[in-house]
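Please construct the entire structure, taking both the sequences and the accompanying hints into account.
Residue numbers (full-length UniProt numbering): 1 to 88.
If you are wondering where the hints come from, they were derived from the structure by calculation, not from laboratory data.
Please note that a few of the clues may not be correct.
To be verified - Computed spacing ranges between beta-carbons, pair by pair:
1. Asn-65 <-> Val-41: 17 to 23 Å
2. Val-41 <-> Tyr-77: 14 to 20 Å
3. Val-45 <-> Gly-86: 18 to 24 Å
4. Gly-79 <-> Gly-47: 29 to 35 Å
5. Glu-48 <-> Gln-84: 16 to 22 Å
6. Gly-79 <-> Val-45: 16 to 22 Å
7. Lys-37 <-> Ala-82: 17 to 23 Å
Since the structure is predicted, the reported quantities are computational estimates derived from the model, not experimental observations.
Don't be surprised by glycine CBs; every beta carbon is placed ideally from N, CA and C.
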Amino acid sequence: MTTTSAPQTSTLEHTQTDTDYRTDSGDHERFAHYVRKEKIVESAVTGEPVMALCGKVWVPGRDPNRFPVCPMCKEIYEGLRAPQDGGD
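Next up, the structure:
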């Protein structure tokens, strides 16, 4: 007599942390956004998403010169609004 055991399974629980990112879809496809220079360099090395001055989150990968500048980023850059990227 031969007995066969059932395969064992387990469940992995995922707890969201600050290192998990939600990338926005939409406007970032239509505009070039302002991002702090050190964040662009870091993203180029790590592949992690960046947050624009306006608060948009995405992984840069397109030539920003092909798009108009995001109006909100421009206002923030010119000092007309407070940054939404968590920086000073």
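Hint-by-hint comparison with the structure:
1. Asn-65 <-> Val-41: 17 to 23 Å: Given about 18 Å between the Cβ atoms, the range holds.
2. Val-41 <-> Tyr-77: 14 to 20 Å: holds (18 Å)
3. Val-45 <-> Gly-86: 18 to 24 Å: Taking Cβ atoms as reference, Val-45 and Gly-86 lie about 20 Å apart, which means the hint holds.
4. Gly-79 <-> Gly-47: 29 to 35 Å: holds (31 Å)
5. Glu-48 <-> Gln-84: 16 to 22 Å: Holds, since Glu-48 and Gln-84 (Cβ atoms, about 18 Å apart) stay within the stated range.
6. Gly-79 <-> Val-45: 16 to 22 Å: Given a distance of about 30 Å, which is not inside 16 to 22 Å, the answer is violated.
7. Lys-37 <-> Ala-82: 17 to 23 Å: holds (19 Å)
Comparing the model with each earlier hint shows a violation of hint 6 alone; every other hint is respected.
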